[in-house]
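**Student:** Two chains, two frames, a set of hints: combine them into the complex.
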Amino acid sequence: MSRRQVALEVLRYNPETDAVPYFQQYTVECEAEWVVLDALNRIKETIDPTLSYRWSCHMAVCGSCGMMIDGEPKLACKAFLRDYPGVIRVEPLANFPIQRDLVTVIDDFVTKLKRVKPYLIPKAEKAVADGEHLQTPAELKKYKQYTLCINCMLCYAACPEYGLSPQFIGPAAIALAHRYNQDSRDGGRDARQQEIAADEGVWTCSFVGACSEVCPEHVDPAGALQQVKIKSTVDWYQEHLMPWTRK
Amino acid sequence: MIPGGQPYRREMSRYGWFLRQSRYLRYMAREITCVFIGAYAVVLLVGLRRMSEGRQAYESFLQSLTSPAGVVFQLIILVFAVYHSMTWFNVTPKAMPMQIGEDFLPGKVIIGAHYVGWLAVTAIVLLLAGVV
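Heads up: the protein sequence lines correspond to chains A and B, in order. When the letters of the first sequence are read in order and numbered with this note's numbering, they come out as residues 1 to 247. When the letters of the second sequence are read in order and numbered with this note's numbering, they come out as residues 1 to 132.
Since the hints were derived computationally from the structure, they do not count as laboratory data. No residue lacks a Cβ here, since even glycine has one placed at the ideal position from N, Cα and C. Accuracy of the hints is not assured; some may be wrong.
[To be verified] SDA-like cross-link-like pairs, simulated, lysine to any residue; straight-line CA separation at most 25 Å:
1) Lys78(A) x Phe104(B)
2) Lys141(A) x Phe104(B)
3) Lys231(A) x Gly101(B)
[Stated by the list, open to error] Examples of chain B residues toward chain A, derived with CB under 10 Å:
4) Met12
5) Arg20
6) Pro93
Next up, chain B with everything else stripped away, as it sits in the complex (with noise of 0.2 Å):
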C-alpha cells in the first residue's frame, strides 16, 4: 500500500470511550438505566413468590414495600425507569417512520402517540388496581 511503511492504527480504548463526548454519555445513560427496570422485575418476582409461601409472607413483603427503606427504593426506581421509558420514546420516530400518502407522520406525533399509550395502560392498571 504505501512503499516503506504501515499505516497506523489508533485502538480505541475499551474502557472509558464513552467519556469522551456527551452523546456517548447519553447513550450509555439510557442503556445503564434498565438495571433498575430489571430490579423491579426482581420486586415483583420476589412478591409472587412470597405469594406462594402463604399469607403471612405475602403480607410481610407488602409491609417492607410500605416501609421507608421500600418507598424510597421504589421512587428511586421509578425516576430511572421513566428516565429509560422516555429515551427509548423519543427515538421511536427512527424506527418506526410513518408514511402517510407522500409525507412522513411528523417525529412528535408518533413520539406523542407513545406517551398517551402509556398514560392510558397506567390509567386501566390504576383501574384494575382500585386506586382510582
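So here's chain A without its partners, still in its complex pose (with noise of 0.2 Å):
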C-alpha cells in the first residue's frame, strides 16, 4: 500500500472565540485509497482533537459527513484523495450557517423537511386485518429513484437560489414531497401542494439542475421539482377554467 502526504486547508470557526471563520492547513499521511473522512479522521487523532465535523456511517448511507470539498459538495466518505493532487480546502457546506468547524446548522432544511409531510398518508383507512397496500413493480418504480435521498443536503449547498432566497423549501424537500405524491398508496397530495406549489416552493427554483449533479445517491431533485411545477399548472388551469373536473 502506498503513502503520501497530503495537504488540507479546512475552515475552522469557534463560535466562543472566533468573530470571522479562517482556513488552517494540515498535512497528513494518508494511505493511497483513503477518502477525505479519513484523513479528516486522522488529523483529528495525531494532530487536532478539536477539528470539529460530522460522520457517521463511512459509506455514503447516513449523509451526515457533507460538506465543500475543493468549491464542490461532497461527502467527505465518498471522496477519494486520489482525485485531488493538490492542497484539498475544505469547507462546511455552503448556504448553511457554521456551528463549528465543518458542522452546519441544519435546522432550516429539517422544519422544511416537516413541512412537506414526507410519509404516507393513506387513501384510506385500512384496518391491518384488511391486509397489505398492495402496490404493481411499475407503480414502485414511479418513485423509487427518490426514495433513494439520504437527506445529506449536497442539493441544498449547490443550489444558488437557495442561497440567494433561504425562504426556498428547495430540492431534497420537494423532490421527497414528490416521492409520496407519486405513490399510489398515497392521498396526501392536497395537503403538500400548499407547502410545494407555492412561491416559497417549485416557484422559487429557475431549473440550474446543479442539485442532480452533485446528488451522491443519483436521485434527480431537479426534474421532481419541474413535473411537480407542470402538475401545479395544470391544477391552476383546472381549477380556473374547468372547476368541475376538480373533485
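**Tutor:** Next up, the structure:
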C-alpha cells in the first residue's frame, strides 16, 4: 500500500472565540485509497482533537459528512484523496450557517422537511386485518429513485436559488414530497401542494439543475421540481377554466 | 443553540456567484440566450408594423433584413436561438419522463422526439413560405 503526504486547508470557526472563520492547513500521511473523511479522522486523532465535523457510517448511507471539498458539495466519505492532487480545501456545506468548524446548523432543512409531510398519508384507513396495501412493480418504479435520498443536503449547498432566497423549501424536501405524491398508496397530495406549489416552493426554482448533478445517490431532485411545476400548472388551469373537473 | 457564540452566516454574493462554477455559467448561458429569442420577436413585430404602414414601408423593411448588416444580425440571433432551444430540449426528459409499462422511456428518445418535431415544424414553415 502506498502512502503520501496530503495537505488539507480546513475552514475553522469556534463561535466562542472567533469573530470570523479562518483556514488552517494540516499535512497528514494518508493511504492511497483513503477518502477525505479518513484524512480528517487522522488529523483529529494525531494533530488536532478540537477539529469538529459530523460523520457516522463512512459508506455514503447516513448523509452526515456533507461538506465543500474544493468548492464542490461532496460526502467526505465518498471523496477519494487520489482525485485531489493538490492542497484540498475543505469547508462546511455552503448556504448553511456554521455552527463550529465543518459542522453546520441544519434546522432550516429539518423544519422544511417536516412542512412537506414526507410520509405516507393513506387514501383511506385500512384495518390491519384487511391486508397489505398492494402495489405493482410499475407503481413502485414511479417513485423509487426519490426514496434513495439520504437527506445529506448537498443539493441545498449546490443550489444558488437556496443561497439567494433562503425561504425556498429546496430540492430534497420537494423531491421527497413528490416521492409521496407519486405513490399509488398515498392520498396526501392536496396537503403537500399548499407548501410545494407556492412561491417558496417550486416557483423559486429556476432549474439550474445543480442539485441533481451533485446528488451522491443519483436522485434527480431537479426533475421532481419541474414535474411538480407542470402538475401545479395543470391544477391551476383545471381550477380556473374547468372547475367541474376538480373534486 | 450554542453557549457563548452565534453560528456564522456566510452570505452568498448576489453578483458574480455564477462565475464560481462551470455548471452555473452553463445555466446563465441558457437563460441569457433567451434575449435573442426576444430580439427576433421584436424584429417580427417591427415587420408587422411596417406592413400596416403600407407596401413601401414593408418593402424597405424586407430590404433592411437582406442587407449585409441585417443578415449578420439574423445569423447571430439564429446561432443563439438554436443554442437556447437545444439546452431546453436536452432537459425535457427531467420535466416530462414517460413511463411505459414498468420502465421509463430512455431520455434520448424524449429529446430525439423534440428534434423530430422541430424539424417537422421547420419543414412546414419552409413549405408555406415557398422555399422548398
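**Student:** Decide, hint by hint, whether the structure agrees.
**Tutor:** Cross-check of the supplied hints:
1. Simply put, Lys78(A) and Phe104(B) have alpha-carbon atoms about 28 Å apart, too far for the 25 Å limit, and the pair is violated.
2. For the given pair, Lys141(A) sits about 9 Å from Phe104(B) by alpha-carbon distance, which is consistent with the 25 Å threshold.
3. Only pairs whose Cα atoms come within 25 Å are accepted, and Lys231(A) paired with Gly101(B) is accepted, the gap being roughly 21 Å.
4. Interface hint at Met12(B): satisfied, since its Cβ lies 4 Å from the closest Cβ of chain A, which is below the 10 Å cut-off.
5. The beta carbon of Arg20(B) is positioned within 10 Å of a beta carbon in chain A (closest approach about 7 Å), and the interface hint is therefore held.
6. Hint on Pro93(B) holds. Least Cβ distance to chain A is approximately 8 Å, under the 10 Å limit.
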